[in-house]
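Enquirer: Protein chains in written order, with the numbering used here: chain A, 17 to 782; chain B, 6 to 154.
Keep in mind the hints are simulated off the structure, nothing from the lab.
Given the structure is predicted, the values throughout are model-derived calculations rather than measurements.
Beta carbons: idealized from backbone N, C-alpha and C, even for Gly.
Mixed in with the good hints there might be a few duds.
Computed list of lysine to aspartate or glutamate pairs in EDC-like fashion (alpha-carbon distance at most 16 Å, straight line) [unchecked claim]:
#1 A:K347 x A:E661
#2 A:K781 x A:E597
#3 A:K281 x A:E315
#4 B:K90 x A:D230
#5 A:K277 x B:D55
#6 A:K707 x A:D323
#7 A:K277 x B:D68
#8 A:K422 x A:E395
#9 A:K707 x A:D332
#10 A:K275 x B:D55
#11 B:K90 x A:D233
#12 A:K707 x A:D330
#13 B:K15 x B:D68
#14 B:K67 x B:D83
#15 B:K9 x B:D55
Incomplete in silico selection of chain B near chain A, CB under 10 Å [to be verified]:
#16 Q13
#17 F17
#18 G19
#19 D31
#20 A49
#21 G79
#22 V88
#23 Y102
#24 L127
#25 A128
#26 M130
#27 C135
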Amino acid sequence: MKTRNQALIENVSRRNMLKGIVGTGGLVIAAQIVPSSLLAAEYKTGAGGMPGGTVWDPHIFVSLGTDGTVTIVTHRSEMGTGSRTSLPMVVADEMEADWSRVKIVQAEGNEQKYGNQDTDGSRSIRHFIQPMRTCGAATRYMLEHAAAVVWGVSSLECEAENHQVIHKPTGRKLGYGELAETASKLKTPSLRDVTLKDPSEFRYIGKGKVQITDLHDITTGHAMYAQDIHVPGSKFAVVARPPVLGGTVKTYDEAAAMKVKGVIKVVKINATPMPAKFAPLGGVAVIADNTWAAIKGREALKVTWNDGPNANYDSDTYKAKMQAQGKKPGKVERNEGDVDKALAGAAKVIEREYYIPHGVHVPMEPPAATVQIKNGKAEVWACVQSPGGTRGDVASTLGMKEDDVKVNVTLLGGGFGRKSKCDFALEAALLSKAMGGAPVKVVWTREDDIHHSFYHSVSLQHVTAGLDKDGKVIAWRHRSVSPSLMSNFMPDPKRESSLELGLGLIDTPFNVPNLRLETGEAVAQTRIGWFRSVNNIPHAFAMQSMVAELAQELGKDPKDFLLEMIGPARIVDPRKTVTSELWNYGDPWETYPIDTARLRRVVERAAKEAGWGEALPKGRGRGIAVQRSFLTYVATVVEVAVDDEGNVTVPRVDTAIDAGFIVNPERVASQVEGAAVMGLSLAKLNQITFKNGRVQQNNFHDYPVLRIGQGAMNVHTHIIENSIDVPSSGVGEPGVPPFAPAFINAVAAATGKRIRNLPLGEQLKA
Amino acid sequence: MKLKVNQQDKNFEGDAQMPLMWYLRDELGLTGTKFGCGSGLCGACTVHIDGKAVRSCVTVMKDVSGHAVTTIEGLSADGNHPVQKAWRAANVPQCGYCQCGQIMNAAGLLNENKNPSDDEILAAMQGNICRCGCYQRIFSAVKSAAQEA
Numbered sequence: 017m018k019t020r021n022q023a024l025i026e027n028v029s030r031r032n033m034l035k036g037i038v039g040t041g042g043l044v045i046a047a048q049i050v051p052s053s054l055l056a057a058e059y060k061t062g063a064g065g066m067p068g069g070t071v072w073d074p075h076i077f078v079s080l081g082t083d084g085t086v087t088i089v090t091h092r093s094e095m096g097t098g099s100r101t102s103l104p105m106v107v108a109d110e111m112e113a114d115w116s117r118v119k120i121v122q123a124e125g126n127e128q129k130y131g132n133q134d135t136d137g138s139r140s141i142r143h144f145i146q147p148m149r150t151c152g153a154a155t156r157y158m159l160e161h162a163a164a165v166v167w168g169v170s171s172l173e174c175e176a177e178n179h180q181v182i183h184k185p186t187g188r189k190l191g192y193g194e195l196a197e198t199a200s201k202l203k204t205p206s207l208r209d210v211t212l213k214d215p216s217e218f219r220y221i222g223k224g225k226v227q228i229t230d231l232h233d234i235t236t237g238h239a240m241y242a243q244d245i246h247v248p249g250s251k252f253a254v255v256a257r258p259p260v261l262g263g264t265v266k267t268y269d270e271a272a273a274m275k276v277k278g279v280i281k282v283v284k285i286n287a288t289p290m291p292a293k294f295a296p297l298g299g300v301a302v303i304a305d306n307t308w309a310a311i312k313g314r315e316a317l318k319v320t321w322n323d324g325p326n327a328n329y330d331s332d333t334y335k336a337k338m339q340a341q342g343k344k345p346g347k348v349e350r351n352e353g354d355v356d357k358a359l360a361g362a363a364k365v366i367e368r369e370y371y372i373p374h375g376v377h378v379p380m381e382p383p384a385a386t387v388q389i390k391n392g393k394a395e396v397w398a399c400v401q402s403p404g405g406t407r408g409d410v411a412s413t414l415g416m417k418e419d420d421v422k423v424n425v426t427l428l429g430g431g432f433g434r435k436s437k438c439d440f441a442l443e444a445a446l447l448s449k450a451m452g453g454a455p456v457k458v459v460w461t462r463e464d465d466i467h468h469s470f471y472h473s474v475s476l477q478h479v480t481a482g483l484d485k486d487g488k489v490i491a492w493r494h495r496s497v498s499p500s501l502m503s504n505f506m507p508d509p510k511r512e513s514s515l516e517l518g519l520g521l522i523d524t525p526f527n528v529p530n531l532r533l534e535t536g537e538a539v540a541q542t543r544i545g546w547f548r549s550v551n552n553i554p555h556a557f558a559m560q561s562m563v564a565e566l567a568q569e570l571g572k573d574p575k576d577f578l579l580e581m582i583g584p585a586r587i588v589d590p591r592k593t594v595t596s597e598l599w600n601y602g603d604p605w606e607t608y609p610i611d612t613a614r615l616r617r618v619v620e621r622a623a624k625e626a627g628w629g630e631a632l633p634k635g636r637g638r639g640i641a642v643q644r645s646f647l648t649y650v651a652t653v654v655e656v657a658v659d660d661e662g663n664v665t666v667p668r669v670d671t672a673i674d675a676g677f678i679v680n681p682e683r684v685a686s687q688v689e690g691a692a693v694m695g696l697s698l699a700k701l702n703q704i705t706f707k708n709g710r711v712q713q714n715n716f717h718d719y720p721v722l723r724i725g726q727g728a729m730n731v732h733t734h735i736i737e738n739s740i741d742v743p744s745s746g747v748g749e750p751g752v753p754p755f756a757p758a759f760i761n762a763v764a765a766a767t768g769k770r771i772r773n774l775p776l777g778e779q780l781k782a
Numbered sequence: 006m007k008l009k010v011n012q013q014d015k016n017f018e019g020d021a022q023m024p025l026m027w028y029l030r031d032e033l034g035l036t037g038t039k040f041g042c043g044s045g046l047c048g049a050c051t052v053h054i055d056g057k058a059v060r061s062c063v064t065v066m067k068d069v070s071g072h073a074v075t076t077i078e079g080l081s082a083d084g085n086h087p088v089q090k091a092w093r094a095a096n097v098p099q100c101g102y103c104q105c106g107q108i109m110n111a112a113g114l115l116n117e118n119k120n121p122s123d124d125e126i127l128a129a130m131q132g133n134i135c136r137c138g139c140y141q142r143i144f145s146a147v148k149s150a151a152q153e154a
């Protein structure tokens, strides 16, 4: 169970090298895997508990060319957060490399060699800033020692500085290119010999001046994503998949499909019953000479389906079932004081219900993968967040050893959690096998992506608060009803797992003496997946909406009342009052406790920057919300403008973020800006619904996402500055959770209408 | 059927109903023209036909016969079209996937309107989705490109 949970955690929260280039004089020595506890690190993280742990050996990550080019391996997938640039930048800074002479190479999937590669959970900087600093510092040590060897002097007299080593007493200099061969023959130093830079000496870290490495390629059309991969001889496939989860092919007739010019073959793919992890859904694939022919062939294909028991999945009736669950006592997940007694004795009881429908990621690049099998070895090109996991899954799908599978990671045209699940790569593996090993590229269309995703879970939150006669909140009973993503990995637990509960429910910092958090039963009838910030979205929506509702009830300022609910600056420790476990995002409590001083600070900062309390014209309103997620503290103030017809725009957003020490503030701002857009999308527009087990949405016309000019165009990011001793956390996800409640609270402030069912849609126009 | 792609003469003999996007991507290997929706809803596949921005996923081959197609790869010889430069100066991209379409659309706008108002920029760009949410930077990049062009 421990192992299973570990694997899940790895999955939930989930982004080559040296061999090819070291011909020019690189560092080549066998891999040396060191537990993360042995880093030259200042604090412990959960990185060591992840598959592959961490690796910092320069012989794995850094290659020196005799021309002075420094090549640094980046081992996490790039889906837009910038970690492909930021982690090598950390190495470069510590080794005193000149960034303009650094080349970045993407690692293939190999966690034994590179350390954990599961790029999600906002972990890339959190888990790898320290190993990458160590790696860079160790490289600097080796360069200084190489110079000492060349000059025949003490290494203590040699100092690396901006791509050269200087012999201090004489002023002699050797460039990194000149030192490449000597340095590459040196052994990796022991940790006690590795000295990290003083942060005052950083050239790149924390400055926000380094642009992403792919910027030129992206703007000229040369950046390569999985949809762009063309292995010579490739065939192209699209798959007709069962429209209902658990469905199978009843009959199919390939005749009409085979008549389409360019269609080569029609192949049935078997379904795997749940829990299927990332196994393909099954169906019928059409393989052709080009993508268009495959799409036309699939249109011509005749397939009938056995739908199975999930054919009754209907979002309306499912919501009613969830509501019924919310009304009755659930399984207690965290308990403090005596909620029943407090509610019975309360001067006033307020009961509310909040609902968020399924959502889907729709990364701009729909899933795609190419697989080729040759001489008993499989090679994969895919836009996967977890290349290490993909390697294992492809190997077991094909009955091969992991060593015989190579996973090349392309750029990801967005991920948001969808590309943590490698089902599309497994389809390509099966189809390549069916084609005798020829390279087969599986292309998902946008309709495929919307119809067959791993959906952001539908969620109902039933919250009851008790107030005493002085207006103090004395009781908080919160029932969360939501099908679990664990249903992919084990028999459906029919309620949120400890992992999901730790995403903003049982880790609530609220200062209420009688507090009970419960779960109700909800059976998964589709594939549930993680979506950027996962269950933090519904949990924060309910809690932060309820706080604003209570403030209104009490006639208090929502920001002041939010601070009152958070309570005084302290460490909140729910570990003893939770029923299962507080996973704390897989990281050690000692490094990342729940610190309400930091929570209060972001609330106050966002409010101040937004001009909280200043008068607004009619039709405008501000809302505020805060959430600690992925060990990062984020508060957002949203200002809305609502016209007489009920059209809502968002003229201004202020977000304060405390993510510990910041490596690249410019990319933090881009993540915060993007989170506001995604947050507004889900608060205002996004909804996946099921009828007869089938997803009812198809493409961007009926699953609209935010477009330019529709709000969140004026996002101000306020970064809390921290020294390097404040452990870095992540920024990819934490911007999302506070947005929807802050927005809805602003709508309530502007209009007096309280929205409890997302998305907002046309509700103000009714 | 004859057409020009990035100023080169091309001869196309295949399915006249095939969208231009698949011809560019699968046959010419010009993968800067991205597949996003296949229905003209997201703008990731935007190219120029005779200088005007169009969605290549819903433009079929028979309609481009005799016309000149420009893709992101042909927008400028050195990648330094004012829109591309503005994009880099503003650090617009996150994942980057939609950006070729955004840039082609913005360049198409500036071909037709050298000095667009804010509203004209928003109206012209509203067909191009960015799921990473780079909109405020896209907007400022188009504005600064217009000033420079």
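Enquirer: Could you run down the list of hints and mark each one as holding or not?
Expert: Verification of the supplied hints:
1. Restraint check for A:K347 and A:E661: the C-alpha separation of about 43 Å exceeds 16 Å, so the hint is violated.
2. Distance hint between A:K781 and A:E597 is unfulfilled; the C-alpha atoms sit about 44 Å from each other, more than 16 Å.
3. This hinted pair checks out: A:K281 and A:E315 have alpha carbons roughly 14 Å apart, not beyond 16 Å.
4. Simply put, B:K90 and A:D230 have alpha-carbon atoms about 14 Å apart, close enough for the 16 Å limit, and the pair holds.
5. Simply put, A:K277 and B:D55 have alpha-carbon atoms about 30 Å apart, too far for the 16 Å limit, and the pair is violated.
6. As the CA atoms of A:K707 and A:D323 are separated by approximately 12 Å, the hinted pair is consistent with the 16 Å bound.
7. Taking the CA atoms of A:K277 and B:D68, the gap is about 20 Å. The hint is violated against a cut of 16 Å.
8. As the CA atoms of A:K422 and A:E395 are separated by approximately 5 Å, the hinted pair is consistent with the 16 Å bound.
9. Taking the CA atoms of A:K707 and A:D332, the gap is near 8 Å; set against the 16 Å cutoff, the hint holds.
10. Between A:K275 and B:D55, the direct Cα distance comes to roughly 35 Å. Violation of the 16 Å bound is thereby established for this hinted pair.
11. Only pairs whose Cα atoms come within 16 Å are accepted, and B:K90 paired with A:D233 is accepted, the gap being roughly 12 Å.
12. Only pairs whose Cα atoms come within 16 Å are accepted, and A:K707 paired with A:D330 is accepted, the gap being roughly 5 Å.
13. With a CA separation close to 14 Å, the supplied pair B:K15 and B:D68 stays within the 16 Å bound.
14. This hinted pair does not check out: B:K67 and B:D83 have alpha carbons roughly 31 Å apart, beyond 16 Å.
15. With a CA separation close to 10 Å, the supplied pair B:K9 and B:D55 stays within the 16 Å bound.
16. Restraint check, B:Q13 versus chain A: the minimum CB separation of about 16 Å is more than 10 Å; hint violated.
17. At its closest, the beta carbon of B:F17 sits 13 Å from a beta carbon of chain A; the interface hint therefore is violated under the 10 Å criterion.
18. Interface restraint check: B:G19 against chain A, minimum CB-CB distance 8 Å, threshold 10 Å, status holds.
19. Interface restraint check: B:D31 against chain A, minimum CB-CB distance 4 Å, threshold 10 Å, status holds.
20. Hint status for B:A49 relative to chain A: holds, with the closest Cβ pair at about 6 Å, below 10 Å.
21. Below 10 Å, beta-carbon pairs count as interface contacts, and B:G79 has one with chain A at about 9 Å; its hint therefore holds.
22. Taking 10 Å as the C-beta cut-off, the interface hint given for B:V88 holds, the closest approach to chain A being about 9 Å.
23. Contact between B:Y102 and chain A, as hinted, is supported at the beta carbon level, the nearest pair being about 3 Å apart and thus within 10 Å.
24. Interface restraint check for B:L127: the shortest CB-CB distance to chain A comes to about 4 Å, inside 10 Å, so the restraint holds.
25. Interface restraint check for B:A128: the shortest CB-CB distance to chain A comes to about 8 Å, inside 10 Å, so the restraint holds.
26. About 5 Å separates the beta-carbon of B:M130 from the nearest beta-carbon of chain A, less than 10 Å, and the hint is met.
27. Checking B:C135 against chain A by beta carbon gives a least distance of about 7 Å; that is within 10 Å, so the hint holds.
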